[in-house]
Amino acid sequence: MKKTVIDIHNVSKVYNPDTIPVHAVNNVHLHFEQGEFTALVGPSGSGKTTLLNIIGGLDAPTQGSVIINGTDITHLSANALIRFRLHHIGFVFQSYNLVPVLTARENVEFIMLLQGVSKAGRERRVRELMAAVGLSDKMDVRPAQLSGGQQQRVAVARALASKPQFILADEPTANLDSHSAANLLDMMAQLNRDEGMTFIFSTHDARVIERAGRVITLVDGSIASDTARVETGV
Amino acid sequence: MRRPHTEFVNLNVFACLQIINSNHMLILIAWRNLWRHRTRSLVIIASVALGIWAGAFIVSLYYGMGNERVRIAIEQEVSHLQVHHPGFQDDHDVAFHFNRDSLAAVLRKVPGLRAFSQRLTAMGMLANAAGSNGVQINGIDPAAESDTRGLHGFVVAGAYFDAGRRHQILVGKKLADKMKLAPGAKVVLTFQDREQHITSGAFRIAGIYETANAPLDERNVYVRRDELGDLLGLPEQATEAAVLLHDDAQVPEAFAFLRSKLPELLVEDWQSVSPETALVMSSLDLSSFIIIGIILLALAFGIINTMLMAVLERTHEIGMLMAVGMTKGRLFGMVVLETAFLTLVGSPIGIALALLVNAWLSKTGIDLTAVAENVMKGFGYGAVIYPDLPEEKVWQILVIVCLTALLASVFPAWKALRMKPAEAIRR
Ligand SMILES: Nc1ncnc2c1ncn2[C@@H]1O[C@H](COP(=O)(O)OP(=O)(O)OP(=O)(O)O)[C@@H](O)[C@H]1O
Ligand SMILES: [Mg+2]
Numbered sequence: 001m002k003k004t005v006i007d008i009h010n011v012s013k014v015y016n017p018d019t020i021p022v023h024a025v026n027n028v029h030l031h032f033e034q035g036e037f038t039a040l041v042g043p044s045g046s047g048k049t050t051l052l053n054i055i056g057g058l059d060a061p062t063q064g065s066v067i068i069n070g071t072d073i074t075h076l077s078a079n080a081l082i083r084f085r086l087h088h089i090g091f092v093f094q095s096y097n098l099v100p101v102l103t104a105r106e107n108v109e110f111i112m113l114l115q116g117v118s119k120a121g122r123e124r125r126v127r128e129l130m131a132a133v134g135l136s137d138k139m140d141v142r143p144a145q146l147s148g149g150q151q152q153r154v155a156v157a158r159a160l161a162s163k164p165q166f167i168l169a170d171e172p173t174a175n176l177d178s179h180s181a182a183n184l185l186d187m188m189a190q191l192n193r194d195e196g197m198t199f200i201f202s203t204h205d206a207r208v209i210e211r212a213g214r215v216i217t218l219v220d221g222s223i224a225s226d227t228a229r230v231e232t233g234v
Numbered sequence: 001m002r003r004p005h006t007e008f009v010n011l012n013v014f015a016c017l018q019i020i021n022s023n024h025m026l027i028l029i030a031w032r033n034l035w036r037h038r039t040r041s042l043v044i045i046a047s048v049a050l051g052i053w054a055g056a057f058i059v060s061l062y063y064g065m066g067n068e069r070v071r072i073a074i075e076q077e078v079s080h081l082q083v084h085h086p087g088f089q090d091d092h093d094v095a096f097h098f099n100r101d102s103l104a105a106v107l108r109k110v111p112g113l114r115a116f117s118q119r120l121t122a123m124g125m126l127a128n129a130a131g132s133n134g135v136q137i138n139g140i141d142p143a144a145e146s147d148t149r150g151l152h153g154f155v156v157a158g159a160y161f162d163a164g165r166r167h168q169i170l171v172g173k174k175l176a177d178k179m180k181l182a183p184g185a186k187v188v189l190t191f192q193d194r195e196q197h198i199t200s201g202a203f204r205i206a207g208i209y210e211t212a213n214a215p216l217d218e219r220n221v222y223v224r225r226d227e228l229g230d231l232l233g234l235p236e237q238a239t240e241a242a243v244l245l246h247d248d249a250q251v252p253e254a255f256a257f258l259r260s261k262l263p264e265l266l267v268e269d270w271q272s273v274s275p276e277t278a279l280v281m282s283s284l285d286l287s288s289f290i291i292i293g294i295i296l297l298a299l300a301f302g303i304i305n306t307m308l309m310a311v312l313e314r315t316h317e318i319g320m321l322m323a324v325g326m327t328k329g330r331l332f333g334m335v336v337l338e339t340a341f342l343t344l345v346g347s348p349i350g351i352a353l354a355l356l357v358n359a360w361l362s363k364t365g366i367d368l369t370a371v372a373e374n375v376m377k378g379f380g381y382g383a384v385i386y387p388d389l390p391e392e393k394v395w396q397i398l399v400i401v402c403l404t405a406l407l408a409s410v411f412p413a414w415k416a417l418r419m420k421p422a423e424a425i426r427r
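Line by line, the protein sequences give chains A and B. Under this note's numbering, residues 1 to 234 are what the first sequence spells out, in order. Under this note's numbering, residues 1 to 427 are what the second sequence spells out, in order.
Chain B on its own, in the form it takes in the complex:
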């Protein structure tokens, strides 16, 4: 039998009104019970508020760290987009090169372009009297490299390339420390040229650089592209081009442009050039979940404990209510409702707290220089974290905190149900 749609809706509304009407006294009792034990209610309200705030703070911290990591990856390491010969990725061999001038003509037209840099890279060995170390030799145009990655800004000792001198090299601080290298010292780079002949060249250290990413610093040395090109026999070539855009949002457009203009070359965005950055983000997500889980657990125990106290304290009253006709379902609802009200009061406070603290900290940042600068650098982070709290995360935290609070009230409510009226009334 088909029932007209409107009638069905009316019936539902009527049923809802009936339920609300017969239970409004429950709501009233639950609401007024909140004010019976103010301190206790305040404890739960505060736990809910703090739970939301702490959850949001942890998430914002992790997002801040994640953003920072991405910023560093883009602005100091891999840029927004990179272009290679398709074979280069598997085997960083100089055989996989392309012509610089023809690529430059395309790169200049990339939509949203801020700067680009073309590099000639070779794997090799850096040696001095004390020993040797495997390195990636990056032949760069010093000015272009500064524009795309700000490399000159990372020099901590000596100087960036000096126009008047030839065969200069820039080494990372970690490597310099390891091999006891100082500006002015002489080192020898050894590598294979395009004909697979072992070639070497002597370079003098111009400066020592240090970025936020210590592991990368140890592996990468920088020389002038022309000098490396001559040694390799590839004066007009490059193996890598990095493109920096004005805005992260322009990546898809620029990517599509390069794809269509450079069908024979491999164009990648920063996520595929640096998958470890994407991985770091997901591991941050995981650890933030774990910490939020711990916070929720503490919240749940606090609520279970407090509501259990409230229930046990009212044993006589609950027995009396069951005696005079309050069914178990309603009794259960009353205890859960009481928690729900407390959560309802606590959560807006928590959200306000979270938003306020975030608004403040996202401006000032949290400076970890004093406590953990080296640790942070070891993982490729800056020492100042600017927390970032995406709006949808706030709602997610709100929902899981409220669910946790309600779930936590189930046990005390169940305890109330288990009471035997005769025994409860004797108390």
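Chain A on its own, in the form it takes in the complex:
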């Protein structure tokens, strides 16, 4: 049996409970195992971002628990949560993922500096990661000089840099043309296959959904379907 990385138990989220309550996520139960390559789909406003934020400890659920590697992160203090994210969770957002004043290399290195990785360790890993995302020649370029697709690749490299348990990506391809989107997906799928990295990403894009090993569909904050495919990636 594979290792359970994330265990979501009866999670609900209500925004503005005191004024005009918005039930963004309703009684969600989910398990994620190591090495899964999951797409979170659903119409706009169905609660994808909210659910990912709760899994990543960026937002607190109104009810329920999120257990990552045996730790219920809903009980952590704000700073403890930040440290937990630093060591266990990688993030890729829709856009503007990078610190604009740092070069690609520095953006990736930054995370390891926060973790206290030695200089030699950092340099080796930055080189590996930039090679893995195919940007060895863009190490010393600032984000503004990179294309959207390249920026997202650096973001993936940065997410990997901390050696997290899993990577959460909220619509990572939304701002990319179809070619760059396919490239990014290829790369993520390869990391999933070769290194067993667990990915959970939300998307609207049918071609992206095709690539997922597991597709969870949210409708009005509830899980409408959760289907696994036999083969992942490719």
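Keep in mind the hints are simulated off the structure, nothing from the lab. Any given hint might turn out to be false.
What the hints assert, rightly or not - Here are the simulated lysine-lysine pairs, DSS-like style, with alpha carbons at most 27 angstroms apart:
(1) K174(B) to K163(A)
(2) K3(A) to K163(A)
(3) K119(A) to K328(B)
Position chain B with the ligands relative to chain A; hints supplied.
Positioned in the frame of chain A, the structure of chain B with the ligands alone reads:
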């Protein structure tokens, strides 16, 4: 348990290196953020520089005024040191006198002596057909008084004492205006002699003088000491001796000398003769603090405003940094560091500006004749101020400006901490 000293030091150095190492990216981000919004950074740099310059300018102006006041007090009013009979201070009575010749013998030996003047003073009344006014009658030796206080230089109408004429009097401009006195006019002085008899004498106005200190001008009239001495019945006596030295720094030595030579008399330096001058200095200090406070307040608001803008503009980025693992402490440090860098750039510019402007103005002076001559005279100041900026004041201003800038960055930094990552990232 005792730990060897060197090991303790090494541990500390190691800890420092660790902190610098793990935070050097923060320093880098903060530094590069400065160049993201050049105009905004320049605004803060300029505010810090101007804050330091303005603070220094105000202080230098006040110090200039203070120095000027002290110079006037010493050179035109009280001299460096004064000698009286111990009872004279409480009661300006002519009974408290001393022998002139024996004192002169001592005064001539004062170290650093430039000039001295012995006066015979009496409180009395000056009257003419139009009315009367209470005055202090100063019996002086015209030549000695010129040497110690330059009294002859203040005559604005008529002339200083004329060797050929007797019973001459010098009155201040303020009093002359009030009583409509002109050179040549006759006035009567009335006072008590040594036997407490009311005595009076007729004097003719030789000249009208005007010093920088209008209130003193109204109270003091000058006659020849010998003539007043005869009227008082004290031909060989004086009630006050004023000593002018070559240099302010010689006061303690001269003071000690006079103290030891004149045990029965009261010797005072200019600060105790003219406590109001010392008071003026401290009130100048207070008002310069108030104005500097206002400048600092403006600086603080400018920085709060600008840094807040910088923080709010980067809401998404800050949310992202918190998401990927930047703790609140580091985030706070980043915003404060950014302000610190701006201050670091702005303060040397401010200091250079302050020193340059001061070097120039302390030579040329600031002439207030056109705008406020009478106001300045009313308070006993000259109309031209030579700003003076003591070095320790520059450092003090630098420190408080930098502290203000850093304190002002605390609020924007705190605002950054308060952001919720999920909401910040949605922006
Ligand atoms: N901060 C908030 N305050 C109030 N309501 C919110 C907030 N954030 C999201 N919502 C609401 O919660 C619901 C779910 O939003 P969410 O952003 O999770 O949807 P989504 O599936 O990510 O949509 P999209 O595909 O457009 O990104 C929506 O109705 C949204 O309006
Ligand atoms: Mg969304």
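Hint check results:
1. With a C-alpha separation of about 89 angstroms, the suggested pairing of K174(B) with K163(A) is violated against the 27 angstroms cut-off.
2. At roughly 17 angstroms between alpha-carbon atoms, K3(A) and K163(A) fall within 27 angstroms of each other, so this suggested pair holds.
3. A distance of roughly 24 angstroms separates the Cα atoms of K119(A) and K328(B); the hinted pair therefore holds under the 27 angstroms criterion.
When held up to the earlier numbered hints, the structure conflicts with hint 1 and nothing else.
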